[in-house]
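Asks: Could you build all of it, start to finish, from the sequences and the hints given here?
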Amino acid sequence: MKANLLLNCSGSGLNPELISKRPRPDSVSIPCRCRVLATLLLLLALCTTTWASTNTFQVSGTFKDVFGINSGGSLVAGNYTVNGTSWSFPAITYFAYNSTTYYQFGSEGSPVTSCTLSTSAVSGTITQVVVRIYGAKSVAGTVSVSVGGTAFKCNNKTSASFTNSATNYTFTGSASGALSVTFGQTTSKAIYLASITTTYYPNTTVTLDKNGGDANGSATFSYNATGYTTFSAATRAGYTCTGYWTATSSGTKVLNANGTYATSSVSGWYGSGKWSRDNATGTLYAQWESAASCEANPTIGNASLNGSFFWTTLFEPVRPCVEP
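Everything in the sequence shown is counted per our numbering, starting at 1100 for the first residue and increasing by one.
Certain hints may be false.
Claimed, not checked - Per label pair, the in silico range of CB-to-CB distance:
1. P1189 with T1382: 23 to 31 angstroms
2. T1257 with K1236: 45 to 53 angstroms
3. S1187 with N1255: 26 to 34 angstroms
4. S1152 with T1257: 19 to 27 angstroms
5. T1382 with T1296: 30 to 38 angstroms
6. A1176 with T1325: 32 to 40 angstroms
Hint data in this document are derived by calculation from the structure and do not stem from the laboratory.
All residues carry an ideal CB built from backbone N, CA and C; glycine is no exception.
Replies: Here is the structure:
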């Protein structure tokens, strides 16, 4: 007996009434098809999402342990570790917190008119910074973000205005270096900073395996970069490097011998001439040509002729250099 089974989208098991019955072409409901399609689209999105990391500044730990003061008071300028990341704070006359929600900068009696928090602990290319900030009633404030001196933009502007409503302000760009978040006000109110969430792509350190040579090389690359940040070549006496490849022999050429991109796109490494590797490390292998066995512009050879019209010396032509 032949049994035809249908997927039961409303439960985890099979519908017994459908066993050994031949379904009509429309037996699979549209909602079921939609769920299957949605699942496939989700999987596709997950497979094509570029790998990135996040760093979050938010209330954590015991306030006194982090800042050396109790529930509120004067903060001394210095570096303080928040959520595992060291941030530079200016001196603040009145600094307090809500244990689960925000850090408070100033008060109506001692307002903070301008403040910059910065960190150099985020190593890589920063592409997005989301600042959740607001203030007391009637506050009129602004917030801005820069990375390595490059201003990021929120809604195509280099600053965003905040009020007494807790809001996420998303700043985007692409830069590396010190992250600075600056906020201030034209009023005299308390300012509440809830979080700073930074999205970044760690720099990639590539080991250039000597592959039979004398010493390994190395290179570092930043996300979206059109070339390396640092580069040192692998070495092998008496040989010329033809480039750096994905395998010890054959494979795909990723970098030229001088560290430049071998082509415009190599899957898993870079695309459209921009670095996009989704890993903080990688290994490529130097491949070699004997320096004595080839010549960049070979000639047909040389010969000499004596008075007896006999060839006495013949130099074998060298072959051209070719890449594996």
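Asks: Each hint needs a verdict: does it hold in this structure or not?
Replies: Hint by hint, here is what the structure shows:
1. Distance hint check for P1189 and T1382: the Cβ-Cβ separation is about 44 angstroms, which falls outside the suggested range of 23 to 31 angstroms.
2. Distance hint check for T1257 and K1236: the Cβ-Cβ separation is about 27 angstroms, which falls outside the suggested range of 45 to 53 angstroms.
3. At roughly 28 angstroms, the beta-carbon separation of S1187 and N1255 lies within the given 26 to 34 angstroms, and the hint holds.
4. Between S1152 and T1257 the beta carbon distance is about 25 angstroms. The supplied range of 19 to 27 angstroms therefore holds.
5. For T1382 and T1296, the Cβ-Cβ distance of about 32 angstroms falls inside the hinted range of 30 to 38 angstroms, so the restraint holds.
6. Roughly 39 angstroms separates the CB atoms of A1176 and T1325, a value that falls within the hinted 32 to 40 angstroms.
Comparing the model with each numbered hint stated earlier shows that hints 1 and 2 do not hold.
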